[in-house]
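**Student:** Chains as they are written, first to last, in the working numbering: chain A, 79 to 575; chain B, 79 to 575.
The set of hints was computed from the structure by calculation and includes no laboratory data.
There may be inaccurate statements among the hints.
Note: identical chains are not told apart, hence a pair may lie in one copy or across any two.
[Said to hold, decoys possible] Quick list of in silico lysine-lysine cross-link-like pairs, DSBU-like style, CA-CA up to 30 Å:
| id | residue 1 | residue 2 |
| --- | --- | --- |
| 1 | Lys245 | Lys356 |
| 2 | Lys113 | Lys175 |
| 3 | Lys350 | Lys375 |
| 4 | Lys164 | Lys351 |
| 5 | Lys113 | Lys375 |
| 6 | Lys245 | Lys492 |
| 7 | Lys233 | Lys90 |
| 8 | Lys522 | Lys113 |
| 9 | Lys356 | Lys508 |
| 10 | Lys259 | Lys553 |
| 11 | Lys351 | Lys90 |
| 12 | Lys197 | Lys561 |
| 13 | Lys259 | Lys522 |
| 14 | Lys351 | Lys553 |
| 15 | Lys175 | Lys351 |
| 16 | Lys175 | Lys258 |
| 17 | Lys164 | Lys375 |
| 18 | Lys508 | Lys164 |
| 19 | Lys90 | Lys522 |
Just so it is clear, the structure is predicted and the values come from calculations on it, not from any experiment.
2 protein chains.
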Amino acid sequence: MFEIAELGQTLKKSAYLKQIPDLRTQLLLTQQQLKTCDFPVIILISGVDGGGKGEIINLLNEWLDARYLQTTAFDEPSDEERERPKFWRFWRTLPPKGSIGIYVGSWYSEPLSLRVYDKIDDNRLQVELNHINETERLLIDDGALIIKCWLHLKKETQKDRIKTLAKNPDTDWQVTERDKKHLKMYDDFIRVAEQALTETSTGIAPWLIVDGSDRRYSSFTVGQHILHRIQHHIDARAAQSAQETQNNGTLPINNLQKSLLDALDLSLKTDKKTYNEKLAHYQGKLSRLTRYARQQKRSSILVFEGMDAAGKGGAIRRLIHAMDARNCRVIPTAAPSDEERAQHYLWRFWRHIPRAGKVTLYDRSWYGRVLVERVEDFASHEEWMRAYAEIVNFEQALTDHGIILLKFWLHIDKDEQLRRFKEREQISYKQFKITEEDYRNREKWDDYKHAVNEMITRTSTLEAPWLLVEGNDKKYARIKILKAFCERLESALDSQN
Amino acid sequence: MFEIAELGQTLKKSAYLKQIPDLRTQLLLTQQQLKTCDFPVIILISGVDGGGKGEIINLLNEWLDARYLQTTAFDEPSDEERERPKFWRFWRTLPPKGSIGIYVGSWYSEPLSLRVYDKIDDNRLQVELNHINETERLLIDDGALIIKCWLHLKKETQKDRIKTLAKNPDTDWQVTERDKKHLKMYDDFIRVAEQALTETSTGIAPWLIVDGSDRRYSSFTVGQHILHRIQHHIDARAAQSAQETQNNGTLPINNLQKSLLDALDLSLKTDKKTYNEKLAHYQGKLSRLTRYARQQKRSSILVFEGMDAAGKGGAIRRLIHAMDARNCRVIPTAAPSDEERAQHYLWRFWRHIPRAGKVTLYDRSWYGRVLVERVEDFASHEEWMRAYAEIVNFEQALTDHGIILLKFWLHIDKDEQLRRFKEREQISYKQFKITEEDYRNREKWDDYKHAVNEMITRTSTLEAPWLLVEGNDKKYARIKILKAFCERLESALDSQN
């Protein structure tokens, strides 16, 4: 696949100098226009050593308005990054909508290099590439434009290039022992790169392969490619959003299907005495287990979803009572901040992924996408439909990293909800919890139930199953949740021994 | 000073159980009210080992709504934290306005422990405590409420407490070798703590010293203290803001004082040939020097201020042209995001402090506080007046950490500005740079000049001096800036050898 980049294409200095001013003006104007658009631009600059990645990145920073772009090179991960799933470091640096992020190497560097050094086999490389494709698709589905450029060099050219650099005292610092070693591995590297590029040159995010041997040619080509892709994307998005407004309709609800929620036995109860005993028992146990988990650097993430007044807050309080407040954190999911709104909807959950050994409890979560956003029409049919797969992939990244993930659906029936609303209105420090909106949501009870049913069906996986909690009796629900977390911790910590 | 906490105060179980429900209700209601207030609450829980810090923090998490508070314990700093000034890790965890942050140990832990272990002397401790006082004052001046609680134990009580914990298999994990060692150092610790508490028990952020020997007494006392302080602060802030609106006036400008800006020779010029030679020379030099700086892990921060159209962007572009885009970042200072608005005005600059060896260029900066915010009346007279000292302290934290800090004021005269405005309006890709607002700002030219003059006078320090740049000739200005950065890097890197 690299043949086209070995033809030795060049651009004369006179032609280059003639075309560059216009390219720069166009880039600046387009970047201006981009600022008002609702998508980010992610530019990946990869390729062989000596292919000119650094030079092109410097040029792009000069041609574009550097204040509205962000260049990221990933060196060794920091300890804060190592303690989280691999993609966390990419998520934290993603450019917000309307701006440009340039990545050197990016998410491709590590898997490629691991494969070249034979630290992983072809199958594992394949798995890594699938994760990359999933992540790229997720961002693109959300509107992002991903531009991937690969700078190629023929074997002889790479050798010459590195020799020339090493000879010049002004540039010899650029040539490291690693480069010399890589030179010997050229054939291996090209083989792996070809596999990776083939697998990830998708219709939505194709690779541009550029001959890096002539700097003028390659930088002009990359610059022009970026310009055209952005211009095209701005137009395409505008056309698309006009179309989407027309198609946005909801599917009829299939009421014949029996709901998983209806199958719950909401009469389950725990009497006060048993409750007090079990509460003390499981809280003691949880206290010990979370301490061990901290020592073993195993993190946990707990997700709480449920109808309004289902008892999420009370259950969370019983859990944190048993844990060391220094190691756990509750994240309430309210309206997103404007920094959060300028990113993919999963971004604001990624940013709170705990460090090693800590516990994060999400009071409502990313499932809002397929619950409230679906029912209230905040997300289009396409958006929430694809969210199931996006969420499953996201959660897989967490569990693959060794994070213990539990998801609770707290369920109550409609009568019990009304009873609790009325009760809250009577208690001074609970009044703030009841608003008009709660009553409005209540009217959409069946829509929510349908959405929950579909959510559970589509996102319960072996590693991250949903636990349905019969919530009409608060005591029963709290014990069930405490017990489930204890058992999950116990088996996870055991299985490590 | 700890005598009062050695009287052996206790609270009977019956009295405790009677009073707690009311305290909890009040805390929840007050926390509700706080959500709409424009200040954060910072609670520090410190004290001797075994004093019950962990228990009180857990209780506070239970009593308050844990979703709207954040508990932070500082273990070993991460590498991302170590590469920045000491206070960076506190800034990044500060609670936003309307919410509560609880800190265990906090900024007091390190200096206290260094002194007890004799790693620093009394003078150095004093300097550290001054920094703490400055930081607390800065937050308080911005409206923050800081509540500092110290849990004390008598020597014998501490000994007993640790013995009891060690004997019980359920609690023995809490007793570390460090604790046993600390027990022997009790007298030293108390002496140092007394000094620290005396120095930092300021009128605006006094310490509450609590006897930690009876858990019911200490937790109730701390809980009640927090409640009262928050309630009082809510009332005081409301009263204060009513008053402030009346006092908000501007001082008359003293036009007799000769301006530093008038003393600049704006006729200074560099001809094209000299410019091209020097540009190439200093860019080459800068490229080498920033590479060395990266190797030596010395970071740089460059601040660019100047009248509109003074040439900041062009100067920045010439600098980044010479640097590796992977190691430098331009931060434009536009309107703050809502997450930024919910914090102290310095917060949004702290968050971009570079990691070791990197360069951050601020295109406009924290000096907006004493320039645009002053002239446009966005900040009150008190706010911008105290900002000078706040900024000097902030910059001192940067330079103390070894960061190279340069501040450029680019100056042009009024005629030159008009010429550039007109010119920009003619060039397609520069049109977006000119708005109505630019012409409006122009009308306040003298006010800005006066503010600049005062800013330079008050914030030029030996370690972080202002460099005034004659900007009517862009070529002259760019060379002056490039040269200054090179020389500063050269001497800073030399002085390390």
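**Student:** Decide, hint by hint, whether the structure agrees.
**Tutor:** Here's how the hints hold up against the structure:
{"no.": "1", "hint": "Lys245 with Lys356", "in the structure": "between (75 Å within a copy, 25 Å between copies)"}
{"no.": "2", "hint": "Lys113 with Lys175", "in the structure": "both (8 Å within a copy, 29 Å between copies)"}
{"no.": "3", "hint": "Lys350 with Lys375", "in the structure": "neither (36 Å within a copy, 62 Å between copies)"}
{"no.": "4", "hint": "Lys164 with Lys351", "in the structure": "neither (46 Å within a copy, 51 Å between copies)"}
{"no.": "5", "hint": "Lys113 with Lys375", "in the structure": "neither (42 Å within a copy, 34 Å between copies)"}
{"no.": "6", "hint": "Lys245 with Lys492", "in the structure": "neither (79 Å within a copy, 51 Å between copies)"}
{"no.": "7", "hint": "Lys233 with Lys90", "in the structure": "within (23 Å within a copy, 83 Å between copies)"}
{"no.": "8", "hint": "Lys522 with Lys113", "in the structure": "between (38 Å within a copy, 29 Å between copies)"}
{"no.": "9", "hint": "Lys356 with Lys508", "in the structure": "within (26 Å within a copy, 70 Å between copies)"}
{"no.": "10", "hint": "Lys259 with Lys553", "in the structure": "neither (64 Å within a copy, 44 Å between copies)"}
{"no.": "11", "hint": "Lys351 with Lys90", "in the structure": "between (87 Å within a copy, 25 Å between copies)"}
{"no.": "12", "hint": "Lys197 with Lys561", "in the structure": "neither (40 Å within a copy, 47 Å between copies)"}
{"no.": "13", "hint": "Lys259 with Lys522", "in the structure": "neither (64 Å within a copy, 62 Å between copies)"}
{"no.": "14", "hint": "Lys351 with Lys553", "in the structure": "within (10 Å within a copy, 84 Å between copies)"}
{"no.": "15", "hint": "Lys175 with Lys351", "in the structure": "neither (55 Å within a copy, 42 Å between copies)"}
{"no.": "16", "hint": "Lys175 with Lys258", "in the structure": "neither (40 Å within a copy, 54 Å between copies)"}
{"no.": "17", "hint": "Lys164 with Lys375", "in the structure": "both (16 Å within a copy, 26 Å between copies)"}
{"no.": "18", "hint": "Lys508 with Lys164", "in the structure": "neither (41 Å within a copy, 41 Å between copies)"}
{"no.": "19", "hint": "Lys90 with Lys522", "in the structure": "neither (67 Å within a copy, 50 Å between copies)"}
Comparing the model with each earlier hint shows violations of hints 3, 4, 5, 6, 10, 12, 13, 15, 16, 18 and 19; every other hint is respected.
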